[in-house]
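Chains A and B, in that order, give the protein sequences. The letter at position 484 of the first sequence is residue 484 when you use the UniProt record's numbering, and the numbering goes up by one with no holes. The letter at position 497 of the second sequence is residue 497 when you use the UniProt record's numbering, and the numbering goes up by one with no holes.
No lab work stands behind these hints: they were computed from the structure. Heads up, some of the hints might be wrong.
Unchecked claim - Covered by chain B, per the in silico footprint, the following chain A stretches (three or more residues, Cβ under 8 Å): (1) 177-185; (2) 300-310; (3) 371-378; (4) 475-484; (5) 497-504; (6) 533-544.
What the hints assert, rightly or not - Partial selection, computed: residues in chain A whose CB lies under 7 Å from chain B: (7) F441; (8) D467; (9) A470.
Cβ coordinates follow ideal geometry from the N, Cα and C atoms, glycine included.
One letter stands for each residue in the lines below.
2 protein chains.
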Amino acid sequence: MQRQCWTGIDPSLGLWTTGKSRSGKENTLSTTTDARLSGRMFVGAERVAGDGPEVRSVDPRTGQALDPAYHHGGAGDVDRACALAEEAFEPYRATDPERRARFLERIAGNIDAITAELVERAGLESGLPEARLTGEVGRTTGQLRLFAGVLREGSWQGVRVDTALPDRTPLPRPDIRQRMVPLGPVAVFGASNFPLAFSVAGGDTASALAAGCPVVVKAHNAHLGTSELVAGAIADAVAAEGLPQGVFSLLVGDGPGLGQTLVADPRIQAVGFTGSRGGGLALVEVAARRPRPIPVYAEMSSINPVVLLPGALAARGRELGAAFVGSLTLGAGQFCTNPGLVVAVEGEGLDAFTAAAADAVGADAGATMLTPGIARSYQSATEEVGGHSGVTELARGAAAEAAAAGHALLLAVDGATFTADPALQTEMFGAASLIIRCRDFDEVLRVLRSLEGQLTATVHAEPGADDAEATRLLPVLERTAGRILFNGWPTGVEVCHAMVHGGPFPATSDARATSVGSRAIERFLRPVAYQNVPDAVRPHVLRDGNPQGVWRRVDGELTRD
Amino acid sequence: MQRQCWTGIDPSLGLWTTGKSRSGKENTLSTTTDARLSGRMFVGAERVAGDGPEVRSVDPRTGQALDPAYHHGGAGDVDRACALAEEAFEPYRATDPERRARFLERIAGNIDAITAELVERAGLESGLPEARLTGEVGRTTGQLRLFAGVLREGSWQGVRVDTALPDRTPLPRPDIRQRMVPLGPVAVFGASNFPLAFSVAGGDTASALAAGCPVVVKAHNAHLGTSELVAGAIADAVAAEGLPQGVFSLLVGDGPGLGQTLVADPRIQAVGFTGSRGGGLALVEVAARRPRPIPVYAEMSSINPVVLLPGALAARGRELGAAFVGSLTLGAGQFCTNPGLVVAVEGEGLDAFTAAAADAVGADAGATMLTPGIARSYQSATEEVGGHSGVTELARGAAAEAAAAGHALLLAVDGATFTADPALQTEMFGAASLIIRCRDFDEVLRVLRSLEGQLTATVHAEPGADDAEATRLLPVLERTAGRILFNGWPTGVEVCHAMVHGGPFPATSDARATSVGSRAIERFLRPVAYQNVPDAVRPHVLRDGNPQGVWRRVDGELTRD
Numbered sequence: 001m002q003r004q005c006w007t008g009i010d011p012s013l014g015l016w017t018t019g020k021s022r023s024g025k026e027n028t029l030s031t032t033t034d035a036r037l038s039g040r041m042f043v044g045a046e047r048v049a050g051d052g053p054e055v056r057s058v059d060p061r062t063g064q065a066l067d068p069a070y071h072h073g074g075a076g077d078v079d080r081a082c083a084l085a086e087e088a089f090e091p092y093r094a095t096d097p098e099r100r101a102r103f104l105e106r107i108a109g110n111i112d113a114i115t116a117e118l119v120e121r122a123g124l125e126s127g128l129p130e131a132r133l134t135g136e137v138g139r140t141t142g143q144l145r146l147f148a149g150v151l152r153e154g155s156w157q158g159v160r161v162d163t164a165l166p167d168r169t170p171l172p173r174p175d176i177r178q179r180m181v182p183l184g185p186v187a188v189f190g191a192s193n194f195p196l197a198f199s200v201a202g203g204d205t206a207s208a209l210a211a212g213c214p215v216v217v218k219a220h221n222a223h224l225g226t227s228e229l230v231a232g233a234i235a236d237a238v239a240a241e242g243l244p245q246g247v248f249s250l251l252v253g254d255g256p257g258l259g260q261t262l263v264a265d266p267r268i269q270a271v272g273f274t275g276s277r278g279g280g281l282a283l284v285e286v287a288a289r290r291p292r293p294i295p296v297y298a299e300m301s302s303i304n305p306v307v308l309l310p311g312a313l314a315a316r317g318r319e320l321g322a323a324f325v326g327s328l329t330l331g332a333g334q335f336c337t338n339p340g341l342v343v344a345v346e347g348e349g350l351d352a353f354t355a356a357a358a359d360a361v362g363a364d365a366g367a368t369m370l371t372p373g374i375a376r377s378y379q380s381a382t383e384e385v386g387g388h389s390g391v392t393e394l395a396r397g398a399a400a401e402a403a404a405a406g407h408a409l410l411l412a413v414d415g416a417t418f419t420a421d422p423a424l425q426t427e428m429f430g431a432a433s434l435i436i437r438c439r440d441f442d443e444v445l446r447v448l449r450s451l452e453g454q455l456t457a458t459v460h461a462e463p464g465a466d467d468a469e470a471t472r473l474l475p476v477l478e479r480t481a482g483r484i485l486f487n488g489w490p491t492g493v494e495v496c497h498a499m500v501h502g503g504p505f506p507a508t509s510d511a512r513a514t515s516v517g518s519r520a521i522e523r524f525l526r527p528v529a530y531q532n533v534p535d536a537v538r539p540h541v542l543r544d545g546n547p548q549g550v551w552r553r554v555d556g557e558l559t560r561d
Numbered sequence: 001m002q003r004q005c006w007t008g009i010d011p012s013l014g015l016w017t018t019g020k021s022r023s024g025k026e027n028t029l030s031t032t033t034d035a036r037l038s039g040r041m042f043v044g045a046e047r048v049a050g051d052g053p054e055v056r057s058v059d060p061r062t063g064q065a066l067d068p069a070y071h072h073g074g075a076g077d078v079d080r081a082c083a084l085a086e087e088a089f090e091p092y093r094a095t096d097p098e099r100r101a102r103f104l105e106r107i108a109g110n111i112d113a114i115t116a117e118l119v120e121r122a123g124l125e126s127g128l129p130e131a132r133l134t135g136e137v138g139r140t141t142g143q144l145r146l147f148a149g150v151l152r153e154g155s156w157q158g159v160r161v162d163t164a165l166p167d168r169t170p171l172p173r174p175d176i177r178q179r180m181v182p183l184g185p186v187a188v189f190g191a192s193n194f195p196l197a198f199s200v201a202g203g204d205t206a207s208a209l210a211a212g213c214p215v216v217v218k219a220h221n222a223h224l225g226t227s228e229l230v231a232g233a234i235a236d237a238v239a240a241e242g243l244p245q246g247v248f249s250l251l252v253g254d255g256p257g258l259g260q261t262l263v264a265d266p267r268i269q270a271v272g273f274t275g276s277r278g279g280g281l282a283l284v285e286v287a288a289r290r291p292r293p294i295p296v297y298a299e300m301s302s303i304n305p306v307v308l309l310p311g312a313l314a315a316r317g318r319e320l321g322a323a324f325v326g327s328l329t330l331g332a333g334q335f336c337t338n339p340g341l342v343v344a345v346e347g348e349g350l351d352a353f354t355a356a357a358a359d360a361v362g363a364d365a366g367a368t369m370l371t372p373g374i375a376r377s378y379q380s381a382t383e384e385v386g387g388h389s390g391v392t393e394l395a396r397g398a399a400a401e402a403a404a405a406g407h408a409l410l411l412a413v414d415g416a417t418f419t420a421d422p423a424l425q426t427e428m429f430g431a432a433s434l435i436i437r438c439r440d441f442d443e444v445l446r447v448l449r450s451l452e453g454q455l456t457a458t459v460h461a462e463p464g465a466d467d468a469e470a471t472r473l474l475p476v477l478e479r480t481a482g483r484i485l486f487n488g489w490p491t492g493v494e495v496c497h498a499m500v501h502g503g504p505f506p507a508t509s510d511a512r513a514t515s516v517g518s519r520a521i522e523r524f525l526r527p528v529a530y531q532n533v534p535d536a537v538r539p540h541v542l543r544d545g546n547p548q549g550v551w552r553r554v555d556g557e558l559t560r561d
């Protein structure tokens, strides 16, 4: 393959010189919406053209393949990116938290500066509307700035100090201190449905970089141009902050090939992934089979039950039905937290909800889905669930006029049928939902207990009227989901300190973690204890006098003194 | 199998009536050192005789099988213990932290009350001396009381509150709160080398019970009587505190049979294990292959490098050699943190160290090992490493006069030979150590970088003289070990807040965790977020006004208000 040194060129210049790849393919500068796209990967600071199969993102509205062409990287590219990441690890993790905070802020600033290009290119590659993508840019830079704040606050270092007790009998107690250290280079897999906030500079990358881990991203093939633009913003920040080039690389390839090679590389120490169950489980297996296994944080599959309690249905059944379809069809239903299941006791309230929801679904004009492949998967999943003998189709919206056409769909089934067949829990990634009509509240509980792990569980309850049922629901939902929300819809995921975007298997591969919110940094850290280490040798944050002014647990008590 | 209701009988009565097992075996009350031993398991509150193969602990001094006979439990026993644990989970986790703290303290009190019997029986089953076992009883009750304190302090609940911002544009922010919830029933595997502190009521059980998880223990076959006595102390506390019986069960069986059946049971949600690499990896694989995988915290294998820096060797080489052998031979070398590797630059200082160490090893009288099987494994591991063409035997101590005879052994090899052959990293579980003579400090670093993950790494450094080398060592050791200690020996593991008894693979299967110290509770918890949940329905600790007075992260800031 042909490598070309990346020179940290001014983004406004918008031009890359190109070369010829080893395989003889001409890397022409294509006439695309953004002349800064080169079709190359970032292996550290180098711009590298892959010499594997050609891959292009596709406009899901037209089905047209987009310029420029990219090419899959190979094992040599993975090796080089991992070698650079390993080389960068020690100096990068040794940077003080303030320096990493400024680095994250600079990435955010660089992304802010190309918001217009990003929104345009991401719209072309995803079919998502401008307002949504503008919001997603803000979410992405907001996450980077959140972790800058986390770094400065300092609790992420988890400092603990147990002071020496030299006079203790029968044995003196040594001085023991603890802090969190980063795991090492992290592999991140971009998601199809958030070309910005869960991709190249998304939450996984932001939290891993904050932790002190270099990152090697595998771009999602659905938005290669967006990925390249964001990678440029990061590489620019790496260079401007004088950090080692291996802190960040961006590779192009497929999951079973380059992706699995990346996860198997001995220098990679953790994996962040958002995508399909099959893709996630394949990476989990590769990671477990390594001579030295590593943690995989894969967010995979969730159908996000919504429980409608009788009081809420009686008070506002129709209103809830309409609002529900608003959440269901948002972003063509392509959210990990899309409400794919509604559970309620049958009766007038549920009938009113169902009628309103069916009206709204029937009136829905459809939407462009992210890729033709996702549209095909949606088609087959809805046919599978909708074709089940116990399932009734209540309403179907119009299909969008697009190559990747999506339509809303509302199905219904009774509780006993649902609990009898786990296939009815199949995720229909898109704007489809299944209403489960239960005979009584005990059946509602049975349905919920039969569910696989979920990212979210939603309850609509009328204050006072539904408190008894809500209280019975809570422990069941706590075992099932990472987030429980009342009287709202699950599709908004706030980026904050208390958020949990995670949940029991198969919602994620590790229910102990969240991929959104400040706690996400903990995924890439592990504790180390230091016993009687002289103050001159101790890591700075552990030294006497608390030089970084962080919260510490001293002899079991939290203090900032 | 025959079940017999356990009646919470006064421990001082010391007698159990017996019945006949389904298989026709007479469950006679054996004349053993402790008449309270029945040879039965605890399936919840029931005393159950297994109907599988007979198994007895063995006095490692004499090789004599001990009364009473136990019998392996079967799949039915696992099923019943897990069903009871699952049934107990909801009511148990709903108990307030103060009640669980009292429960842990009552277990500790019950164990205190039978210290003499425990020390006697554990001595018979392990060959460990009385003073060590008396200390281990104290360590065990101390751990239980530590977690009572952790429960009362409250930070383990990880409370976070992000307050609602109803006027935020473009969208209001909901009220989001977070706490940690327990994973569910936990399987614990008793360790051979700590019949008390890492077994039935050891750190795994104490931290899981503190977290709100019922526990099903598989007793280690080396100390079945000790296990039964401790199980009685726990079951007594369960009954006295009015907790559901399924909070605790004790099963008997082998690892590949009953042990793997237990880990595969769908109701088990996490595993704590201390033992061999083979045993731990087998459980990790079973857990990963479940339809719903679960975390396994397996502490497996560590050779605990000790680095001797030139200044320290010059100042006190001989003294260090003698002290090193004290640590090496403690408890017949049967500690996970036993110093099995010494790394230093060759020269006069190392020669003095080596001479003193060889003298001390040569003068060692040997010690009884824990079991005849462990003695055989020690024999074969030392033959394998000692027989390596590049390895020299420096000294060999006398063998103990015992069925499970152990002897001290000191080997040496040069740095290049060591790094060329990973087989030289084989753990020799017992009082054997390998001195690695390096040509220079760079070779010391190469040796350390070549090591698998370790529980500990020790540095002997002369303040001032060795600071530069020590500072270069630190980042290398941080990647290798869970605990770094200076100018001491790794065999003491303090139970405190800052301790890390864990480390990168294969020291443990999950470097993000510690099995000793207050942080051990985190292994059995996961975060859940609560969005706009009404105050009347919210878990108590999350309610307005901070009713439990715990530290909370409110809008990112730690506060107890």
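Structure-based check of each hint:
1. 177-185: holds (count 5)
2. 300-310: Result for this restraint: violated, n = 0.
3. 371-378: violated (count 0)
4. 475-484: As far as the segment 475-484 of chain A goes, the hint holds, because 7 residues have Cβ atoms under 8 Å from chain B.
5. 497-504: holds (count 6)
6. 533-544: As far as the segment 533-544 of chain A goes, the hint holds, because 5 residues have Cβ atoms under 8 Å from chain B.
7. F441: Violated - the Cβ of A:F441 stays beyond 7 Å from chain B, reaching only about 15 Å at its closest.
8. D467: Holds: closest Cβ of chain B sits about 6 Å from A:D467, inside 7 Å.
9. A470: 5 Å, holds
The earlier numbered hints that this structure contradicts are 2, 3 and 7.
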